[in-house]
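Peer 1: I would like the entire structure built from these sequences, with the hints used as guidance.
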Amino acid sequence: MAEVVQVERREGTMGTSASRRLRKTGQVPAVLYGHKQGNEHLTLTQKSVDSIIRHHSKIVELQGAVNETALVSDLQFDPLGIDVLHIDLQRVDLNERVTVTVSIQFKGEPAGAKQGGIVIESGHEVEVECPAVAIPEAIVLQVTAVAAGENRTAGDLVLPENVSLVTSPETVVYHIEKPKGMRGKTAGEEEAAE
Amino acid sequence: MALMPKRVKHRKSQRGRIKGSATRGNTVVFGDFGLQSLDAGWVKATTIEAGRIAAQQYVRGEGKLYIRIFPDKSVTSTPLETRMGKGKGEPDFWAAVVKPGTILYELGGVTEQQAKVCFARLASKLPVQVRFVKRRTF
Chain A
1 MAEVVQVERR EGTMGTSASR RLRKTGQVPA VLYGHKQGNE HLTLTQKSVD SIIRHHSKIV
61 ELQGAVNETA LVSDLQFDPL GIDVLHIDLQ RVDLNERVTV TVSIQFKGEP AGAKQGGIVI
121 ESGHEVEVEC PAVAIPEAIV LQVTAVAAGE NRTAGDLVLP ENVSLVTSPE TVVYHIEKPK
181 GMRGKTAGEE EAAE
Chain B
1 MALMPKRVKH RKSQRGRIKG SATRGNTVVF GDFGLQSLDA GWVKATTIEA GRIAAQQYVR
61 GEGKLYIRIF PDKSVTSTPL ETRMGKGKGE PDFWAAVVKP GTILYELGGV TEQQAKVCFA
121 RLASKLPVQV RFVKRRTF
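Quick note, the sequences are listed as chains A and B, same order. Under UniProt numbering, the first residue of the first sequence carries the number 1, and numbering increases by one thereafter. Under UniProt numbering, the first residue of the second sequence carries the number 1, and numbering increases by one thereafter.
Rather than coming from a laboratory, the hints here were simulated on the basis of the structure. For clarity, every value in this text was computed on a predicted model and none was experimentally measured. A hint or two may mislead.
Partner residues are not named here, just some residues of chain B that face chain A (Cβ under 10 angstroms, in silico) [unchecked claim]:
1. Thr-27
2. Val-28
3. Leu-38
4. Val-110
5. Glu-112
6. Gln-114
7. Val-133
8. Phe-138
Every residue, glycine too, gets a C-beta built ideally from N, C-alpha and C.
Peer 2: Next up, the structure:
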């Protein structure tokens with residue numbers, strides 16, 4: 001279910017100074033666009049922005065100055081990555097398909113790690129296309145069977161129904177590096193050593 | 001051996017001023033956890049190496065450590081008991097210019113608790129104030 005967020009319309013001057021003054025009062029500037037309609041300059045409270053981040057809400061229900069459903073398409077952070085400076089909201093119809101970035105969750109203890117391999121999570125998120133109403137929070141990848149020297153690609157991800165992959169399926173997302181002693185050995189040599 | 005450039009166009013550089021915060025290299029990209037600088041300063045190549053050793057001795061081949069800064073600035077110094085003048089000194093060491101927000105090191109393949117302990121050991125060697133950060137998941 002989409003998170004409900006109260007918004008106000010920004011009046012008067014826009015720009016850097018006005019935005020800074022706004023942030024000092026505990027508000028965060030935002031823009032709403034999409035669906036070939038005009039842009040709306042809005043403000044959200046810092047508290048509601050924190051809530052969006054905490055709950056990983058991709059879809060929000062705007063109430064107040066505008067009553068629409070929107071996709072949180074971009075968040076701008078300060079250089080230290082603590083405060084949110086600006087939010088981009090994209091108008092969305094719950095029945096339409098959207099392209100979003102979804103994080104990957106690696107589940108299980110890999111066999112390769114037990115052999116002494118170094119786990120390298122090279123891809124933390126993938127781009128997928130899915131209905132706006134059913135954006136997956138994360139995609140789970142079981143890594144229990146991954147041995148040292150093996151990898152898993154984006155194509156190996158088990159996607160929920162109605163979700164298709166946009167990222168190239170050959171992109172390596174998980175890899176277990178062989179321990180130093182095993183490097184350069186072929187599978188036959190490893191078996192012989194055992 | 002400590003990091004240093006393979007080849008440079010000019011052996012000596014002006015000292016410069018460090019203004020503003022980092023707008024690039026300020027997010028955790030490769031690993032799961034990072035060490036972020038809160039101050040501006042120069043981090044010597046030997047310090048980066050000392051930090052690497054401290055971290056890798058702790059993780060012991062379990063996790064993967066990424067060094068996100070590179071010492072590409074040569075710093076010159078005048079030898080002791082030398083009279084003033086006679087031109088700029090000779091290059092003494094290499095340093096990385098760090099702005100507030102720069103991610104110095106990243107660690108992947110370890111638990112959060114392990115990463116915190118590891119970076120605490122590493123942070124004590126650094127000339128800047130740092131904080132522990134996690135990869136942004138939104």
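Peer 1: So, for every hint listed, does it hold in this structure?
Peer 2: To see whether the hints hold, each was checked on the structure:
| no. | hint | verdict |
| --- | --- | --- |
| 1 | Thr-27 | holds (6 angstroms) |
| 2 | Val-28 | holds (9 angstroms) |
| 3 | Leu-38 | holds (7 angstroms) |
| 4 | Val-110 | holds (9 angstroms) |
| 5 | Glu-112 | violated (14 angstroms) |
| 6 | Gln-114 | violated (13 angstroms) |
| 7 | Val-133 | holds (7 angstroms) |
| 8 | Phe-138 | holds (6 angstroms) |
In this structure, the hints that do not hold are numbers 5 and 6, in rising order.
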